[in-house]
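Enquirer: What follows is each chain in one-letter form.
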Amino acid sequence: MFPIVAAQELAKDIKRLTLFAPRIARRHQPGQFVIVRVHEHGERIPLTIADSDRESGHITIIVQTAGKTTALLNMLEPGDCLLDVVGPLGKPSEIERYGNAVVIGGGVGTAIAYPTARALHAADNHVTAIVGARTRDLLILESEMRAATDELLVMTDDGSYGEKGFVTDALRRLMAERRLDYVLAIGPVPMMKAVAEVTRPQAIHTFVSLNAIMVDGTGMCGGCRVSVNEGSQFACVDGPEFDAHRVDFDVLSRRNRQYRSLEAESMAAFHADPTPDLELMRAAGQLTREIGPHPARMRSVAR
Amino acid sequence: MNKPVNPNNPLTLKERMQLDRQPMPECPAAERAHSFTEVNQGYDPQLANCEAMRCLSCAKPTCVVGCPVGVKVKDFIDLILAGDYLGAAAKIREDNVLPAITGRVCPQEDQCEGGCVVGRKKESIGIGNLERFVADYEQRTGAVGLPERAPRTGKRVAIIGSGPAGLSCAGDLVQRGHEVRVFEALHELGGVLAYGIPEFRLPRAVLHQELRNLEAMGVEFETNVVVGRTVTIDDLLGNEGYHAIFVATGAGLPQFMKIPGEDLNGVYSANEFLTRVNLMRAYRHPDYDQPVYDCRDQEVAVVGGGNTALDAARTALRMGARTVNLIYRRSAAEMPARKEEVRHAVDEGIHIMHLTNPVAYLGDERVRSVRAVKMALGEPDESGRRRPMPVEGSEFEVPASIVIVAVGTTANPLVQATTPGLATTKRNYIVADPKTLRTSREGVFAGGDIVTGGATVILAMGAGRKAAQSVHEWLTTGVWQMDPPAQITSTPAV
Chain A
1 MFPIVAAQEL AKDIKRLTLF APRIARRHQP GQFVIVRVHE HGERIPLTIA
51 DSDRESGHIT IIVQTAGKTT ALLNMLEPGD CLLDVVGPLG KPSEIERYGN
101 AVVIGGGVGT AIAYPTARAL HAADNHVTAI VGARTRDLLI LESEMRAATD
151 ELLVMTDDGS YGEKGFVTDA LRRLMAERRL DYVLAIGPVP MMKAVAEVTR
201 PQAIHTFVSL NAIMVDGTGM CGGCRVSVNE GSQFACVDGP EFDAHRVDFD
251 VLSRRNRQYR SLEAESMAAF HADPTPDLEL MRAAGQLTRE IGPHPARMRS
301 VAR
Chain B
1 MNKPVNPNNP LTLKERMQLD RQPMPECPAA ERAHSFTEVN QGYDPQLANC
51 EAMRCLSCAK PTCVVGCPVG VKVKDFIDLI LAGDYLGAAA KIREDNVLPA
101 ITGRVCPQED QCEGGCVVGR KKESIGIGNL ERFVADYEQR TGAVGLPERA
151 PRTGKRVAII GSGPAGLSCA GDLVQRGHEV RVFEALHELG GVLAYGIPEF
201 RLPRAVLHQE LRNLEAMGVE FETNVVVGRT VTIDDLLGNE GYHAIFVATG
251 AGLPQFMKIP GEDLNGVYSA NEFLTRVNLM RAYRHPDYDQ PVYDCRDQEV
301 AVVGGGNTAL DAARTALRMG ARTVNLIYRR SAAEMPARKE EVRHAVDEGI
351 HIMHLTNPVA YLGDERVRSV RAVKMALGEP DESGRRRPMP VEGSEFEVPA
401 SIVIVAVGTT ANPLVQATTP GLATTKRNYI VADPKTLRTS REGVFAGGDI
451 VTGGATVILA MGAGRKAAQS VHEWLTTGVW QMDPPAQITS TPAV
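Respectively, the protein sequence lines represent chains A and B.
Just so it is clear: in the first sequence, position 80 is 80 by the UniProt record's numbering, and no numbers are missing.
Just so it is clear: in the second sequence, position 202 is 202 by the UniProt record's numbering, and no numbers are missing.
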């Protein structure tokens with residue numbers, strides 16, 4: 001079992017969980033992820049490793065409520081345990097001295113982009129981070145990202161903080177100002193697709209980290225297959241980072257919709273009554289404290 | 001020829017030859033086609049005794065030769081006749097650490113039973129059924145017949161992968177007194193026994209009991225470790241202090257046919273479909289969280305003719321599919337699946353379309369049908385089987401909202417790619433000496449599907465036994481030589 005050693009709410013329905021997983025901490029490189037199974041009846045879901053520390057054996061994941069499993073993860077506190085955590089999985093980001101690098105994080109994608117941004121900065125790149133969120137309250141890791149990069153541009157859809165507009169607006173402005181050598185975009189599929197279209201005419205080296213549906217995460221099922229260069233690649237072992245100009249984002253969106261109705265069904269059942277899951281965890285010794293159903297938070301959770 | 005030759009068997013050889021094989025009791029097809037209950041129900045002691053009495057106790061038993069792990073068939077059948085079922089179990093476990101499993105899933109007709117002398121005149125002895133009876137008897141009574149363990153040697157062996165090859169090697173090595181730890185990438189142990197073979201052929205309780213037996217023998221397990229990512233072979237041989245390693249990672253990478261529409265929603269690899277159902281219990285969604293497309297009242301197509309294709313087809317049927325079409329490009333005679341499984345599948349209502357091959361999957365968001373072409377058999381190919389050739393102008397469509405592709409698997413490259421100096425073939429299988437299973441890296445052995453490509457459970461177990469023998473020799477002599485030295489074809493480092 002994998003104990004949670006720290007938990008911090010970063011924004012509404014977004015939590016940073018620090019886990020004790022020494023084997024994973026020892027080998028983690030930026031761009032890699034873990035597969036998590038919360039309890040005995042749980043599904044396996046991929047989550048990017050946002051940070052790690054070899055000394056303490058800690059890894060950090062950032063979880064945004066998007067469905068049942070993430071909602072359950074967001075209810076957990078220090079002292080609770082996850083049943084299974086496996087990793088680090090996937091290929092690490094290709095860190096080189098590119099020159100002018102831009103790292104774009106949309107929503108919780110900021111957390112995924114953060115370790116790579118830091119590594120690029122450490123590799124002597126001039127790193128500009130563009131972080132976008134729908135609204136100010138959903139912005140995460142601003143200070144961490146600022147500390148790890150040369151400049152930070154904040155965009156909100158509603159203009160409640162930073163500048164009003166999309167991350168692509170900021171990217172276009174940068175491209176007009178200077179030559180860019182590398183772009184990494186991580187966030188919702190439409191955002192990554194839009195970034196790819198912006199950099200394509202100038203053929204700027206652009207990477208995206210694909211959030212395909214995964215089961216095992218080790219290449220044995222092909223559930224995460226994505227269409228790259230008109231061929232099939234497995235995001236869990238060949239990626240998750242790919243050349244953005246070669247990815248078919250429409251296939252990715254379509255495949256990511258596969259279980260929408262079943263996911264909604266799971267979420268509705270959990271929303272109505274989370275106690276069976278909590279009892280399952282308690283019986284397995286994964287919960288050591290009293291925990292109520294958090295009615296207020298549960299109501300706020302919606303797909 | 002007229003006197004009883006075995007004190008435990010009152011019958012003469014002539015009388016034994018007159019007995020018919022005891023059929024395996026089966027759950028009726030109509031009942032089992034809609035549940036995950038085990039199809040074969042197993043012998044009771046009386047049936048087992050009747051069957052055991054048919055054995056001729058040959059002086060030179062050819063059944064043993066046919067068994068890839070060399071189970072002492074005559075000896076354990078003799079112990080059954082003596083009523084010593086636990087003794088029979090311990091006798092089997094000297095050579096085979098998973099009798100409850102091999103008794104169920106081995107293609108015995110091609111192995112032990114294929115060599116049985118009785119089989120020349122009548123049906124061969126039900127060796128698999130007897131092996132299974134002995135192992136199930138233990139499970140029912142709660143007693144276990146475990147072989148003795150040699151004094152501890154202080155040597156440590158890491159086994160990569162908890163499938164049949166890894167488990168068999170682990171069992172043999174602890175018996176020889178070594179310290180053995182098995183590393184598994186998934187959260188459950190067993191490899192294909194856990195994620196691939198369905199409950200109706202191998203109940204989970206049977207697998208779990210065999211795993212507990214191995215634990216009782218002293219084997220240690222660690223799940224959630226992906227060797228090549230979580231830890232490397234060099235870490236294990238270095239920091240972690242292992243003296244030898246057996247790589248048994250299998251051939252788990254699913255192959256696709258690279259035809260149009262394979263990325264449509266509803267098109268699965270058999271590995272994904274079976275993993276969702278068997279390992280993740282998706283058929284019990286939403287009580288279990290992992291989803292899988294609802295098969296109820298759907299038309300399902302399965303592509304392939306091996307045991308995996310049949311397992312997937314029969315699973316889809318049990319999940320409520322209205323029709324299941326199995327699309328296979330050769331004819332019935334070439335099907336690699338076990339005859340018994342094919343018979344069970346047909347009895348349950350699976351429709352097999354022989355000499356048919358998919359050319360595309362059609363649909364918009366979700367797959368709607370398979371475009372297939374009729375095939376005719378031409379000249380024999382390299383495998384000796386007649387090559388199927390498409391019949392021009394014979395294209396037609398098979399309706400399907402779920403397609404499961406079971407056309408084979410290949411090597412997962414993770415261990416090879418992160419182990420400098422480990423020789424591999426062009427297709428990424430590990431190169432190992434066929435006699436000793438030694439690889440190009442000192443102290444590293446490899447066997448099972450990761451060396452041979454996809455084969456059977458029992459062949460993988462045979463490789464595990466061979467590896468155990470060879471690892472033991474290496475640990476006791478410390479001499480490592482390869483003749484001829486393996487050709488190193490790839491040494492990528494990550």
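Calculated from the structure, these hints are not laboratory results.
Predicted model only: the values in this text are computed from it and were never measured.
Warning: the hint list may mix true and false statements.
[What the hints assert, rightly or not] List time: in silico SDA-like cross-link candidates among lysine to any residue, alpha-carbon distance up to 20 Å:
{"hint": "1", "chain 1": "A", "residue 1": "91", "chain 2": "B", "residue 2": "354"}
{"hint": "2", "chain 1": "B", "residue 1": "122", "chain 2": "A", "residue 2": "248"}
{"hint": "3", "chain 1": "B", "residue 1": "155", "chain 2": "A", "residue 2": "248"}
{"hint": "4", "chain 1": "B", "residue 1": "339", "chain 2": "A", "residue 2": "238"}
{"hint": "5", "chain 1": "A", "residue 1": "91", "chain 2": "B", "residue 2": "38"}
{"hint": "6", "chain 1": "B", "residue 1": "60", "chain 2": "B", "residue 2": "151"}
{"hint": "7", "chain 1": "A", "residue 1": "91", "chain 2": "B", "residue 2": "374"}
{"hint": "8", "chain 1": "B", "residue 1": "258", "chain 2": "A", "residue 2": "227"}
{"hint": "9", "chain 1": "A", "residue 1": "91", "chain 2": "B", "residue 2": "418"}
{"hint": "10", "chain 1": "B", "residue 1": "435", "chain 2": "B", "residue 2": "456"}
{"hint": "11", "chain 1": "B", "residue 1": "258", "chain 2": "A", "residue 2": "91"}
{"hint": "12", "chain 1": "B", "residue 1": "374", "chain 2": "B", "residue 2": "354"}
{"hint": "13", "chain 1": "B", "residue 1": "426", "chain 2": "A", "residue 2": "248"}
{"hint": "14", "chain 1": "B", "residue 1": "258", "chain 2": "A", "residue 2": "232"}
Enquirer: So, for every hint listed, does it hold in this structure?
Expert: Taking the hints in turn, this is what the structure says about them:
1. Distance restraint check for residue 91 of chain A and residue 354 of chain B: the Cα-Cα separation of roughly 41 Å exceeds the 20 Å cut-off, and the hinted pair is therefore not satisfied.
2. Distance hint between residue 122 of chain B and residue 248 of chain A is unfulfilled; the C-alpha atoms sit about 61 Å from each other, more than 20 Å.
3. Pair hint residue 155 of chain B plus residue 248 of chain A does not hold up; C-alpha atoms about 52 Å apart against a cutoff of 20 Å.
4. Taking the CA atoms of residue 339 of chain B and residue 238 of chain A, the gap is near 38 Å; set against the 20 Å cutoff, the hint is violated.
5. At roughly 41 Å between alpha-carbon atoms, residue 91 of chain A and residue 38 of chain B are farther apart than 20 Å, so this suggested pair is violated.
6. Of the supplied pair hints, the one linking residue 60 of chain B and residue 151 of chain B is violated, its CA atoms being roughly 33 Å apart against a limit of 20 Å.
7. Taking the CA atoms of residue 91 of chain A and residue 374 of chain B, the gap is about 42 Å. The hint is violated against a cut of 20 Å.
8. The hinted pair formed by residue 258 of chain B and residue 227 of chain A meets the criterion: a straight-line CA distance of about 12 Å does not exceed 20 Å.
9. This hinted pair checks out: residue 91 of chain A and residue 418 of chain B have alpha carbons roughly 12 Å apart, not beyond 20 Å.
10. For the proposed pair residue 435 of chain B and residue 456 of chain B, the alpha carbon gap of about 19 Å is at most 20 Å, so the pair holds.
11. Between the alpha carbons of residue 258 of chain B and residue 91 of chain A the distance comes to roughly 24 Å, so the proposed pair goes past 20 Å and is violated.
12. For a cut-off of 20 Å, the pair hint linking residue 374 of chain B to residue 354 of chain B stands: about 9 Å separates their Cα positions.
13. Taking the CA atoms of residue 426 of chain B and residue 248 of chain A, the gap is near 29 Å; set against the 20 Å cutoff, the hint is violated.
14. Restraint check for residue 258 of chain B and residue 232 of chain A: satisfied, since their Cα atoms lie roughly 8 Å apart, inside the 20 Å limit.
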